[in-house]
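Following the hints, put chain E in place on chain F, whose structure we already have.
There are 2 protein chains.
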Amino acid sequence: MKITMAHGSGGRATSQLITGIFEKNFNNDILSRMEDSAVVAGSSRLAVTTDSFVVNPLFFPGGDIGKLSVCGTVNDLLMSGACPKYLTCGFILEEGADSEELEKIAASMAQTAREAGVTIVAGDTKVIEGSGGIYINTAGVGFVPEGVQISASLCEEGDAVLVSGNLGDHHAAILSARMEITNSIVSDCAPLGEMVRSMQEAGVRIKAMRDVTRGGLATVLHEFAAASDCCVELTQSCLPVSDQVKGFCGLLGLDPLYMGNEGKMTAVVAGEDAELALSCMQKSKYGEAAAIIGHISGKERGKVLLTTPLGGIRVITELIGEGLPRIC
Amino acid sequence: MKITMAHGSGGRATSQLITGIFEKNFNNDILSRMEDSAVVAGSSRLAVTTDSFVVNPLFFPGGDIGKLSVCGTVNDLLMSGACPKYLTCGFILEEGADSEELEKIAASMAQTAREAGVTIVAGDTKVIEGSGGIYINTAGVGFVPEGVQISASLCEEGDAVLVSGNLGDHHAAILSARMEITNSIVSDCAPLGEMVRSMQEAGVRIKAMRDVTRGGLATVLHEFAAASDCCVELTQSCLPVSDQVKGFCGLLGLDPLYMGNEGKMTAVVAGEDAELALSCMQKSKYGEAAAIIGHISGKERGKVLLTTPLGGIRVITELIGEGLPRIC
Numbered sequence: 001m002k003i004t005m006a007h008g009s010g011g012r013a014t015s016q017l018i019t020g021i022f023e024k025n026f027n028n029d030i031l032s033r034m035e036d037s038a039v040v041a042g043s044s045r046l047a048v049t050t051d052s053f054v055v056n057p058l059f060f061p062g063g064d065i066g067k068l069s070v071c072g073t074v075n076d077l078l079m080s081g082a083c084p085k086y087l088t089c090g091f092i093l094e095e096g097a098d099s100e101e102l103e104k105i106a107a108s109m110a111q112t113a114r115e116a117g118v119t120i121v122a123g124d125t126k127v128i129e130g131s132g133g134i135y136i137n138t139a140g141v142g143f144v145p146e147g148v149q150i151s152a153s154l155c156e157e158g159d160a161v162l163v164s165g166n167l168g169d170h171h172a173a174i175l176s177a178r179m180e181i182t183n184s185i186v187s188d189c190a191p192l193g194e195m196v197r198s199m200q201e202a203g204v205r206i207k208a209m210r211d212v213t214r215g216g217l218a219t220v221l222h223e224f225a226a227a228s229d230c231c232v233e234l235t236q237s238c239l240p241v242s243d244q245v246k247g248f249c250g251l252l253g254l255d256p257l258y259m260g261n262e263g264k265m266t267a268v269v270a271g272e273d274a275e276l277a278l279s280c281m282q283k284s285k286y287g288e289a290a291a292i293i294g295h296i297s298g299k300e301r302g303k304v305l306l307t308t309p310l311g312g313i314r315v316i317t318e319l320i321g322e323g324l325p326r327i328c
Numbered sequence: 001m002k003i004t005m006a007h008g009s010g011g012r013a014t015s016q017l018i019t020g021i022f023e024k025n026f027n028n029d030i031l032s033r034m035e036d037s038a039v040v041a042g043s044s045r046l047a048v049t050t051d052s053f054v055v056n057p058l059f060f061p062g063g064d065i066g067k068l069s070v071c072g073t074v075n076d077l078l079m080s081g082a083c084p085k086y087l088t089c090g091f092i093l094e095e096g097a098d099s100e101e102l103e104k105i106a107a108s109m110a111q112t113a114r115e116a117g118v119t120i121v122a123g124d125t126k127v128i129e130g131s132g133g134i135y136i137n138t139a140g141v142g143f144v145p146e147g148v149q150i151s152a153s154l155c156e157e158g159d160a161v162l163v164s165g166n167l168g169d170h171h172a173a174i175l176s177a178r179m180e181i182t183n184s185i186v187s188d189c190a191p192l193g194e195m196v197r198s199m200q201e202a203g204v205r206i207k208a209m210r211d212v213t214r215g216g217l218a219t220v221l222h223e224f225a226a227a228s229d230c231c232v233e234l235t236q237s238c239l240p241v242s243d244q245v246k247g248f249c250g251l252l253g254l255d256p257l258y259m260g261n262e263g264k265m266t267a268v269v270a271g272e273d274a275e276l277a278l279s280c281m282q283k284s285k286y287g288e289a290a291a292i293i294g295h296i297s298g299k300e301r302g303k304v305l306l307t308t309p310l311g312g313i314r315v316i317t318e319l320i321g322e323g324l325p326r327i328c
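Residue numbers (the numbering used here), protein chains in the order written: chain F, 1 to 328; chain E, 1 to 328.
You can't tell identical chains apart in this list, so a pair holds if it fits in one copy or across any two.
With a straight-line Cα cutoff of 25 Å, these simulated DMTMM-like cross-link-like pairs (lysine to aspartate or glutamate) come out:
| hint | residue 1 | residue 2 |
| --- | --- | --- |
| 1 | 299 | 275 |
| 2 | 104 | 129 |
| 3 | 24 | 223 |
| 4 | 283 | 272 |
| 5 | 2 | 322 |
Simulated from the structure, these hints should not be mistaken for laboratory data.
Chain F on its own, in the form it takes in the complex (with noise of 0.2 Å):
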């Protein structure tokens, strides 16, 4: 069935496809309440964030625009420190699209959304012109406990930085998609709370953490470098990146380090804490590939060094020019 403008009218189509598709598979006693607002247990801080999701194609190697738009949300709430618990999703049908994908898509975010521990709690759907295109809002409330303090602004001179796996995965998996290159790679998009749970039970003291995502592990670590007023020194035969994808960006002339991921994240831990977080990353589900990649220093402060194999060293620059968009 393809969608029309009346099943954005408000009237008895849009109730057919919510009930159809959505209450269907994102099946749980608050939503189907059917309130204006879903009422919820609280907690007494929060961790609110929201990201909307236009990805180009909707299916992917890896994953799909619903799990996507699940992991993204999740991710966000995860780097604040909180326990993500609930997500709103707001979906803008154009005219034309196809209610088999994204009857799909609603139930790749119903899978993701039980393996990250999430409730949806709220929807909307709305329908403008256009051909055939499927766009998707999240918005998240996670908890954050009692005493959990981590943001760009509190790396310090000798924290190590990590990074749960291989760059550029997502990134090289659209652009693949995208110029029809037929290849393995695979996007990495996955929900990362068993990492971040793991290093917390371990008693990891974790600074700053963010995922990696548009922009590449160059812009966050400008971030980091920016918001603590410190240096990020990064040693490039430690940067983990899968041989397809090295192979990929040989090719077309990109660096890893500007590419878009969904599934990894970088963190700042006490230095003494390195080995224990990367051992928690390891063994997550999908952190196998982590590895420690540098230090916080003094050396030049607002700056990411990369020591190159040879010993050279290259100032890393904020994204400069434009990186492609619709990988999200």
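Chain E alone, transformed into the frame defined by chain F:
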């Protein structure tokens, strides 16, 4: 300036857009931290909701998509008895969107948020192909005070039904703008916090509340009748409709009972509190035309009945067929 795909790349153009338009207008400490999630004070019971806004045209008499996107979500929180606290906003911009229009919309959101007492704590911007459209998702978090229980399922025989003002204004304003009909009809788009607080502070026993939006009053009252397994009896002569909207509806064969508002609510309150609720509404900024329009009975459970001026009884069905899409 026209929005280009580069504004959605996550690179420098995106930052400039965020800093130049959103940060400037939404300026607050929480948002300015620019972390992945906002960490804010919480409460033991939360209301959570989301809504996307795709109204066409973007600017209309009485409001614009920005004002609408704040009012819609704030009102949904209020209707659950919550005090609205935080909003997130996700912009999806089509290529070619006008940055000056976007700035006007952001300024309008900021002003409405101030009036409604909510803080915009997180945001996101994406760009898609298209022809200049602007779409906004807002999600909202509110605090629900202990003891407050408001739900469509709590209506009881003897309760009174009120509406806070004239029906159909927003719908008629959008339709007029779209059909390029010149008249004096203005959208009623407004946040209803003052009105709800006034009733709560006066001790009105509120059973159920809903803002009257897509689908109109008939749709909301049907939800009450179904959820509470009761009969909603209305008196046609008590339904407030402005002369202009009455004339407009007569001309086009529309029924104000099915038309959307964006600054009106209906409330079911204990019968003895009807006059108190009415006086609270009428004293509020957006409630001067409020009226007691009917009561809850056990007559025909699950139905909405309307007594006509001639004493006949009309069964008010749900919205059959389709309303006007893209009114919100």
